[in-house]
Structures are given as structure tokens and as C-alpha cells.
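K.L.:
Let chain P serve as the given structure and place chain H on it in line with the hints.
Chains as they are written, first to last, in our numbering: chain P, 252 to 547; chain H, 629 to 1051.
Because the hints were derived from the structure by calculation, they are not lab data.
Computed from a predicted model, the values in this text were never measured in an experiment.
Every residue, glycine too, gets a C-beta built ideally from N, C-alpha and C.
Keep in mind that the hints are not guaranteed to be accurate.
Cβ-to-Cβ under 10 angstroms is the rule here; a few derived chain H residues that face chain P [unchecked claim]:
1. Val-904
2. Phe-908
3. Gly-992
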Amino acid sequence: MTMPSTTAAPPERDVAPLLSLRAVNKSFGAVHVLQDVDFDVYPGQVTALVGDNGAGKSTLIKGIAGSQTFDNGDYVFEGAPVTVHSPKDANALGIEVVYQDLALCDNLDIVHNLFLGRELTKNGVLDEATMERRATETLAGLSVRTVRSIRQQVASLSGGQRQTVAIARSVLWNSKLVILDEPTAALGVAQTEQVLKLVRRLADRGLAVVLISHNLNDVFAVADHISVLYLGRTAAQVRSKDVTYNQVVELITGGRSGSLGLSAEQQPEDVAAEAADPVVTAGAGGPATETREETR
Amino acid sequence: MSTATSPVTEGPTQLPTPEPRSLGSAVSDYLARVRGGDVGSLPAVLGLVVLFIVFSILRPNTFTNAFNIANLVNQSAAVIVIAMGLVFVLLLGEIDLAAGWTAGTAAAMMGVVLTREGWAWPLAVVVCLLTGAAVGTLIGLLVARLGIPSFVVTLAAFLALQGVLLKTIGEGGTIAIRDETLLALNNNTMPVWLGWALFAVVVGVYALLSLRRAATRRAGGLQSESTAVVLAKVAVLAVLLGIVVAYLSRERSRNPLISSIKGVPEVVLLLVLLFVGLNFVLARTSFGRHVYAVGGNAEAARRAGINVNTIKLLCFIIGSTLAAVGGILLASRDNSISPTTGGAQTLLYAVGAAVIGGTSLFGGKGKILDAVLGGLVIGVIINGMGLLNQPTSVVYMVTGLVLLVAASVDALSRRRAMATGRV
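For reference, chain P alone in the conformation it holds in the complex:
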């Protein structure tokens, strides 16, 4: 499958993608949620997945994580085609998802939450000492110092700390790909900063990170690559340093920005007619963004 000429050239030729989706499709009845979507994720880098509500981000993530399977298309992990039919398959490959509505148990402490569902046992008995040691090491390895005690209940943690625990859980298992669904959605400024730093550290440790976010400030702060979904299609896969804020906004809202994005004939028909006007505005925005690029 060749990339549409309108999308940017495949970024970072020297690094092979850890995960490559090619022309994946997913329909719910008559609704074609994902149409020939391509998606690449690189080890040691943060790939932001952006798109408006209903663009298909969640469906794409669920397909990667195995909780919903794609109808067709290629799922290539570490260069080999794989089939992922359940979350367990994805976990076995080293794929972990940190969900938006934090999947933590308030009545359990940090150690219990980190090892939830995968407790370490010795002769059938919970091995609390080893779990606590590994939890402490993992949090220290992520340079998390804000937690008072690793044995405190998760209910007593702030939003940022809870997000930290959820992220730490995903890296506890030698995972290779961590998908973060809106990790900063409910956080204040300082906590957002703290979580974004953590996201960057994950990538610096060699993990492939997928960051789903509506906040383009966050995206530009940490992401190496930006993938834009528009009405179930891949509008663009670009390096974040090659695009501007405005271009990404146009890609999200209209599916194209100047030479980037979907061509008119790729747009869904009902939208293509509507898009006649937005194309003009996109063209009007084009020169502005180009001048901004030149000033770099």
C-alpha cells in the first residue's frame, strides 16, 4: 500500500516503526468508522493521535488494544504481521493502554493498583514484599517523587498522581507500546506539566508512546509525530516539527491544509460538497502558515 501523495513522506527513515497499520477498516453496521486508515508508531518517540470527536480515534485504539478487532487491513508489529483478537493478545505483544477514565481502584493502595490482575505470588500467596519493591523501583525509575507513601490508598491521590500511577502500571510489564487516552484532560496546569514530562520520559526510555489528546499545546509540547484522523480516514501523518499549530487545526477540522491532508475526491461525498468553502479558508490560511514556517 503506497501512501497517498498528499500525506507527508514517511518520517524518520532510519527508525523502523514498531507498529504499522495499513488500510485498516472497521464498520458498525452501515457506519464506516475507519476507512483505509494507516498508522505508524515509532519506538522511543511520542506519536500524537488527534482528530475531532467521532473521527475514529477511540475505535482505532480499541482495535490496536484488541478490545475490538478491525474488519480488515494489516496489523504489523515489529515488522511481522500479527493478529490481535483480545486485550490479552495485545498485552502479550507488549501493548498497554491507559484509559481516560482512570482504571484504578480507589479502595486499594498504589502497589495493589500497579499489580492489579497480575499480582505476583509465591506458593499461591501474594508476594507483597517483591511487589512493593518493584513498585518503588518503577516509580523511582520514572522519577516520580510526589507520592508520600506507596502504601497510601489511590483515593487520597491528586489527579496528576493518579494518572502517574496509571501510567506507571503500563510500564511495569516491559511493555513496548503505551497508549495514553487523554492523560491530561482533567488536570490543572502544574499537573499537566508533570504528566507530560512523564510521557516524554517514557519515550526517552525507548518505549513507543501514543498520545491521544484534544489539547494541541500538549501535543506540540511532547509529540515527535502527529497523526490526524478526519472522519475515519488518515488525513496526515507528519513530524510535529514539520507542521504548525494552525495546519494541524485545519487538518482536524477540514481534513486538509494546503498540500497536506485528504484530496477533495478522498473526502466523503457529503462533506466534499460542504468542503468547497472550507477549502477557500484553508487556502487563505495556507500562506500565513507558510510564512510562520519560514520564520523558524
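P.N.:
The following block gives chain H in isolation, referenced to the frame of chain P:
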């Protein structure tokens, strides 16, 4: 051992080994927890102490004599065991309104095979436990698979089992229990030496496990309790249990020459075994951890790969099987099974026991000790009010009041915990 310098550099995961907790800091930690709303077993213990003092003053001769204390244990045993089972169900945030009649029905099945079929008692006990397990399986499947609220399912079972019980023993009839072993279970006492041996084993094993745990944690470089703290806890346990055993080992027969009654009631051995075993399951196994997880946040548990339906099913089976054990104790105590065995207030007392002990009706919070302490509080009220020659009406009202106080303590400590972020 590294010194307590905080790591400044990123990357290396070398951490300082925390100092073992000293006796002083252990006490101040506990006080801070209580102030923060994490009251644990404190209300039940305080309630027990206050009730003991009140009844001892009002009935100095009859309440605090060894005969009555032993009686109290036998009276409370069934409610305690049923409450232990309810803790599993309540931890999920579910309820089992049928636990009382499950006890009665299972006991009736046991009675039938024992008297009409002439089976040996071990087989009859197996039938009883299987009946409980079957009821639990049915309730669990309906709740977990079909998603019917447990309140409705167990309300239906509450009515239906009452009918099954009547059908089994015949309208208005009773089944007499004549098996010596079963009668002894909740009536007889063990020899004095056996009581002390049980005491020694319990204290010894507790001390050993606590010391070993502290040593493992120290070896792993984790915060641990100092030996002084561990020994202090062991000493407190030894003194409390020692007083009870010594008291129960006194002669309490009105006419010792004819028949001597002394020693710890036999049922205590069963209670200790159940307490230790169930505590182990809840606190030390993956299954137990998953029960708390499902009660705390079922969706999080599901996403973590825990089979929520299986956990629910197992908890209902455990709950109903323990209710069946409670049924055996009821039958043993009454020497018979009647249409009211497990009925009347049995279920409400058991739920009340768990709640008074500190188990939350909202799920995710509770332990086996709650059932024991709460069951004893209920037992003391019933027993003490009986000695005061109070009419049943007053007993009910006082019991209701105590339950309300316990629920208020739970709600207030919960609010306090919310405010201090402990929950």
C-alpha cells in the same frame, strides 16, 4: 544498608532503606489514621467494651459469670459465621438477603438425611454444605450472568427458601438432632488443656508470622515494623486472649460435683479456623485482592483482566456455604431444626454484625474480623437485655439503635476520610 539520603539523580533506582517503625511512631501513626477517619475496628471494640461495662454494672452476678460468657459465645457463633460469609458479598457491594433462610434450608437438608435416611454426620454435613453452595451458585449466576440486582434475586430466594424449608421438614414440624458430635459442636466445651493449647498455637503462630513478615520486608529494603512493635502487638493479643481463656477455664457448673463445666466452648475452634482461613483468602491471595478490586471499581477490575463475573459467583458461593455452616450451628444450639431456623432476625443480625464491625454496604471495605467483633456486639446486646428481663420489644429497639449508631459512625468516618483524602 544505604543511609537515608534522598536520591537526586534520575535513572538509578537505588533507594534508601527506611528505618523500621518504632513503637512510638507506630502508635502515633495509628492515632493519625483514626483522626483521619480510618477508624477500622475501633467503634466495634469500643462498643463491646461499653456494653460489657454497662451490663456488668446492671447485672454484676449473672452477666459476667463464666457460664454466661460461654453462653454468649455459643449464642453468637451462628450469626458470626453467617456474617463472615456476608462480608464476601458485601465487599462486592452486593447483598444476600437470603443468607438466613439458606442457613435454615441447608440445616433442614442435613436434618433429613441424618434422621430419616440415617446417614453418618460427616455425610450429612457435606449435604448441608452442598445445599448452601448450590443456593449460592444459583444466586451468583443470576446476579453475575443475567445482571439482576442481588437485592431482588436474594429477596426472591428469601421467600422461596422459606418455602423449601417448610416443604423439607413438613408444615409445622421439627426435625430433632440426636447426633452427639453435631450437638457437641455448639453446646460442649473442650478440655481446659486443649483451650490453652489452642491459645498457645494462635499466639505462637501470630508471633511467628508477624516476625517473619517484618524480617522479609527488612531484607527487601522496605519499611518494616521494629521487633518491639511486633512483640507489643503479640503481647496485647496474648493478654486479651489469655484473660478470656482463663475465665472460660474456671468451673462454671452450678453443681460441680454432679457435672463439671469448664473450658473453652468447642465452637471457638471452628470460629478460629474459619477466621484464619478466610482472613488468609481475603488478605493474602490474588482472589481476595480481586474481591476488593471488584468492590472498589468493577470496571477497573475488568480492564485489569480480572474475570468479574467469576469473582462475583465465587463470593456468593462462599457466602451461602458459610451460611450453611451457620445453619449447622443453629441446629446444634437448638437441638433441632424448626420452620423458624435461620428465620426471624438471623439475617438482619448477621448483616448488622458485619456493618457494626466496619464492613461497608457500598463495597470494597471490610474484613473477617468485622464479622467477629460485630457478631459479639450483637450477641452481648441480646444476651444482656435478656438478663435484664427486658421484653423482646425493648431488645429489638436497642439493637436497632446500636445498628443505627454503627452506621452513623461509618458515615461520619467516611466523611472525615473524604476530607482528609483517606477514604
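K.L.:
Against this structure, judge whether each hint is valid.
P.N.:
Each hint, compared with the structure:
1. Using the Cβ-Cβ criterion of 10 angstroms, the hint placing Val-904(H) at the interface with chain P is not satisfied: the shortest such distance is roughly 14 angstroms.
2. Residue-level restraint check for Phe-908(H) holds (minimum Cβ-Cβ distance to chain P is 8 angstroms; threshold 10 angstroms).
3. Hint status for Gly-992(H): holds, given a least beta-carbon distance of 4 angstroms to chain P, under 10 angstroms.
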